[in-house]
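Enquirer: Given chain A's structure and the hints, the job is docking chain B onto it.
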Amino acid sequence: MIVAERKPLAEILGNVRGVGRVLLVGCNTCVAICLAGGEKEVAVTAAQLRLALRSEGLEGCITEGCVERQCEEEFNEELGDAIATHDVVLSMACGVGVQTLAEQFPDAIVYPALNTTFMGRPEERGIWSERCLGCGNCVLDKFGGVCPITRCSKNLLNGPCGGSANGRCEVDPENIPCAWQLVYDRLERIGQLGRLMEVEPPKDWSTSRHGGPRKIVREDMVL
Amino acid sequence: MVASDRMVVLGCDHSAGAALDELAAQGRALPAGVEWVRLPCGGGLDELHILRAFESGAGRVMVLACNDSACRSVQGNRWAEKRVQTARRLLEEAGVPGWRLEFKAVSPTQAMELLPWIEGFAAFEPAAEETSQEGTP
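Order-wise, the sequence lines are chains A and B. Sequential numbering from 0 applies to the first sequence in numbering that gives the first Met the number 0. Sequential numbering from 0 applies to the second sequence in numbering that gives the first Met the number 0.
Hints are computed from structural coordinates only; laboratory data are not their basis. Ideal placement from N, C-alpha and C gives every residue a C-beta, glycine not left out. Take these hints with a grain of salt, some might be off.
To be verified - Here are some, though not all, of the chain A residues that point toward chain B, as calculated from beta-carbon distances under 10 Å: (1) L8; (2) L12; (3) G37; (4) V43; (5) A46; (6) L48; (7) L52; (8) R53; (9) G59; (10) V198; (11) E199; (12) K202; (13) S205.
With the rest of the complex left out, here is chain A:
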């Protein structure tokens, strides 16, 4: 899922201070799961904004809303009337949701309230970690299901480097396991250590961001 964090309140306030009516819209999908932009976080942020504006002696009307999936236009249609009657829309979705609102409602002023951070998974309650960089050419089959592009601090496809010690990464030994140790352990466990004898050629990054903004067209689904 997409993992995000709430922006500092001061930054959000900078975009809504002096604005008459603000529509704060969350998203009940990824950012709700990572506790950044779901219904609850919308309520907390709205309460904080009201308190902050009041403490500055300012008036501000903050309306709370939440849609099921802000990155798909059909879910946002219900927001049409509310957007028309507010001066600013503050989106608590990921960057995709923010841009979907801005494209769908071209006259609306839409600001982000989150910093979209990575594609990852919840490791345990309150902890999320990155798992996929979206490189466009998955190599997980070669590395026992551990992505060295995402999880190795140096994105090495032929690791480990000299900074691996006791299974930890030199970049942050306390918090980052060495991805190549994980690859080795996993391949050993599933009886595929021989895969490590293969030398990976330089990666073709054209399927990633180096090829410009990406788009998928499924001809069988388009009329």
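Expert: Here is chain B on its own, set in the frame of chain A:
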């Protein structure tokens, strides 16, 4: 922010609530302006409850939960304390000073201490440097 005299107490019913009931049985009332909200467990506290209390005009909020190892839900008191820490950070971010939110562990037998705690917090005046930062998110 113009601070209100109103104070909200969010209390776990198993500890603080029992102490409050004991106070009532002794015919002792809470100070004027103190509103008591009973929580089924400290673990049911949410930072949003605290923010809402301030939003609705409370000038200070006190959270009361069980002592360590005394929670019927095992860790409800620890969660309550965590929620208070989170709420204090959120309040300070919004320009409401953290001293306006207080957390205390209480046992059901502490009825005699309960009233002085509440009265003390209701009357508490912070040092000048703390009040000077109010309203600057």
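Enquirer: Each hint needs a verdict: does it hold in this structure or not?
Expert: Hints versus structure:
1. A cut of 10 Å between beta carbons decides the hint on A/L8: the least distance to chain B is about 4 Å, and the hint holds.
2. Interface restraint check: A/L12 against chain B, minimum CB-CB distance 6 Å, threshold 10 Å, status holds.
3. Annotation: A/G37 was flagged as interfacial toward chain B, and the flag is violated, the nearest CB pair being 12 Å apart, outside 10 Å.
4. For A/V43, the shortest C-beta to C-beta distance to chain B is roughly 6 Å, which falls under 10 Å, so the interface hint holds.
5. Restraint check, A/A46 versus chain B: the minimum CB separation of about 4 Å is within 10 Å; hint holds.
6. Hint status for A/L48 relative to chain B: holds, with the closest Cβ pair at about 8 Å, below 10 Å.
7. For A/L52, the interface hint holds, since its Cβ comes within 10 Å of a Cβ in chain B; the closest pair sits about 9 Å apart.
8. For the restraint placing A/R53 at the interface with chain B, the shortest Cβ-Cβ distance is roughly 6 Å, inside the 10 Å limit, so the hint holds.
9. With a cut of 10 Å, the hint placing A/G59 at the interface with chain B is violated, because the nearest CB-to-CB distance is about 12 Å.
10. Nearest Cβ of chain B to the Cβ of A/V198: about 49 Å, over the 10 Å cut. The hint is violated.
11. Hint on A/E199 is violated. Least Cβ distance to chain B is approximately 44 Å, over the 10 Å limit.
12. Of the supplied interface hints, the one on A/K202 is violated, with its beta-carbon coming no nearer than about 41 Å to a beta-carbon of chain B, more than 10 Å.
13. Below 10 Å, beta-carbon pairs count as interface contacts, and A/S205 has none with chain B, the closest being about 43 Å; its hint is therefore violated.
In terms of the numbered hints stated before, the structure departs from hints 3, 9, 10, 11, 12, 13, listed from lowest to highest.
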